[in-house]
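Student: Going down the list, the sequences are from chains U and C.
Quick note on this note's numbering: the first sequence kicks off at 1 and runs consecutively.
Quick note on this note's numbering: the second sequence kicks off at 1 and runs consecutively.
Hints in this document: simulated from the structure, not taken from any laboratory.
Wrong hints could be hidden among the right ones.
Claimed, not checked - Straight-line distance between alpha carbons at most 30 Å, and here's what the computed DSS-like set of lysine-lysine pairs gives:
hint : chain 1 : residue 1 : chain 2 : residue 2
1    : C       : Lys217    : U       : Lys111
2    : C       : Lys379    : U       : Lys24
3    : C       : Lys347    : C       : Lys207
4    : C       : Lys495    : C       : Lys207
5    : C       : Lys379    : U       : Lys111
6    : U       : Lys29     : C       : Lys167
7    : C       : Lys167    : C       : Lys450
8    : C       : Lys495    : C       : Lys167
9    : U       : Lys111    : C       : Lys307
10   : C       : Lys119    : C       : Lys167
11   : C       : Lys450    : C       : Lys307
12   : C       : Lys307    : C       : Lys167
13   : C       : Lys495    : C       : Lys119
14   : C       : Lys3      : C       : Lys86
15   : C       : Lys495    : C       : Lys379
As the list claims (entries may be wrong) - Far from chain U by the CB rule (all over 10 Å, computed), these chain C residues:
hint : residue
16   : Ile23
17   : Met25
18   : Val33
19   : Val147
20   : Gly173
21   : Met177
22   : Phe186
23   : Ala196
24   : Phe427
25   : Ile477
The beta-carbon is built from N, C-alpha and C at its ideal position, and this holds for glycine as well.
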Amino acid sequence: MSAIVLYVTFILLLTIGIIALLFKRNLIKIVLAFNILDSGINLFFISLGYRENAMAPIFTLAPLDSVITMVLPTPQALILTNIVIGFATTALMLGVSVLTYRNNNTLDTRKLRGVEEYD
Amino acid sequence: MIKHVPIVLVAIPLLAAFMIPMIGMINRTARTVIGAIALVIILAASYYIAGDVLNHGRIFYYMVGSSNPEIVTEHGLTFPIRIGLKIDSFSLFFIIMTTTLVFIFYLFSIQYIEENERKNYFTVLFISMVAGMMGLLVANDLFTFFVFLEILSISSAALVAFRTERKHPPYAGYKYMFISAVATSFFLLGIAFLYAQYGSFNIDYLKEAVRGTLLDKIAIVLLIIPLAMKSGVVPMHMWIPDTYSEAPAPISAMVKLGSLICLYGLFRISFSFGLSHAHVSYPLGVLFIVFGILSMFIGVTQALVQKDVKRLMAFHAVSQVGYMLLGMGVGLTVVRAGDASFALFGKVAMIGGLLHVVNNALYKGLLFLTSGVLVRHFKTRNLDAMHGLAHYDVFTTVVFMIAALAISGIPPFNGFVSKIIIYESVFQYNPVLTLIAIFVSILTLASFMKVFYSAFLGMPSNKRPMEQPVLIKCSMIVLAFFIVVIGIYPHGILKALIEPAVNALVNF
């Protein structure tokens, strides 16, 4: 049941992200759209390793005498890496959008079109 | 000692990149020297293992964090967390190309980028870009591949926007970062599709496990389309002209090299996961051929109408990628056909495609460097405003002519060798493809004649003649030397590097 909810949320986030990427013209909104897309993919990866009624994957906390299920640790480690990468990407994109606004006085991609000067 | 080479190739640039900001605060010359030393170390390391890999067919495995890093099977290949590195002759071919060219571009940038406090940032990003490239080339599991792809993207996007005080570079950097970020996100989705089925990231393990089902095909498409996007293949080439033309000249050459390394990832993944079944490898090969023809034709026709010298060269970069995809695509189409066609011409087509990779990196790098010299001399990128450089700068003229003739496939230079190999082998597959390729080559010559005519011939301008600094001259001479040597004596590189690389790639 809960897996279905997770996958539906993933599809929704992915769709919202792609639609926003395609139709938004503001540089900041494009960054937001990318973040939605990225968190959708993170959610999908995390939910691959999810098990119902399982424990956190910490070896020392596991009881010795019983057969228990643990959540898969690998996707969590990888998604932690991807969240940091997404943070770096977002920071860089916001930084260059600030510079773009400073040099061009607009954030609208339609007005940024075209290279007139050859400096 | 030699067994630690795979990790040294990644660790030394990373270490240098994090040392440089601190050293740069104390002494700027020391910072430049440290960067050069790091690049020399990886250059030496890559040549040090070349003999073992190429002559004896040794494959370097390295499991990071293991007590005996060479043992792969300690927990089997399925052990999911351990980071695996691998160097075989296919990756070694790219490693040698990258370490050599990166050192040359670094030498060029020492005197090309003006010396001020921002050059610290430039050097840091340059070296971390090298770390990203080396990581991509030695990675043997998909997630390490992904992480280094992101390191490469972030540092190159920041470098594309390096001249932040000007109007357009920040937007070009934004565009490149955006394209890379979306591409790598979908690459991660492709990894997730494979991990969900097989529970591993290791490329060697997945190569055995992939069954060619519909879900596998979706995963393969999600893996190769982002890499094709980052190599600038035509339907996804919209970021190329802005990125290459707004970046400083050595960075244009570096981003070009980075896109060739994404092409390495494209070949590695499609030949790893596609070869197991003929119903996967044939459509992949056809896809490569279609992408290749589109890139060649659309790239060169767009280049013909440009008036901006760097945009013109950027569109030629798109067009040249087409030749490599054509050669490799023909090989991939026939490799599982089950008849003699692979031995007859498929392998030769792949050899041509790979030789074109190194040739293209050489002459395209040289062209971007000369365009940097042109732009700095004339203070404009507009070809209509340039004239008469040949009257007082013979050196740049000769070097530009070598590169332009090489890219157009004129005999004594290296472009001719790889193009004739591709023409001959593709002709046996389908003559129409060869006709298109030759036509594109003629158009390439035409558009470079335009550049030569407008920038170098004509009345001498009244600007004072400028002598190029020594390191800029040296780096351009070395590139021109390689172009001529490969053009005159291609058997050396074909026998030593490219045949083992192709053998490693189709070994299934």
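Student: Go through the numbered hints given earlier and state which of them the structure violates, listing their numbers in rising order.
Tutor: 1, 2, 8, 13, 15, 19, 20, 21, 22 and 23
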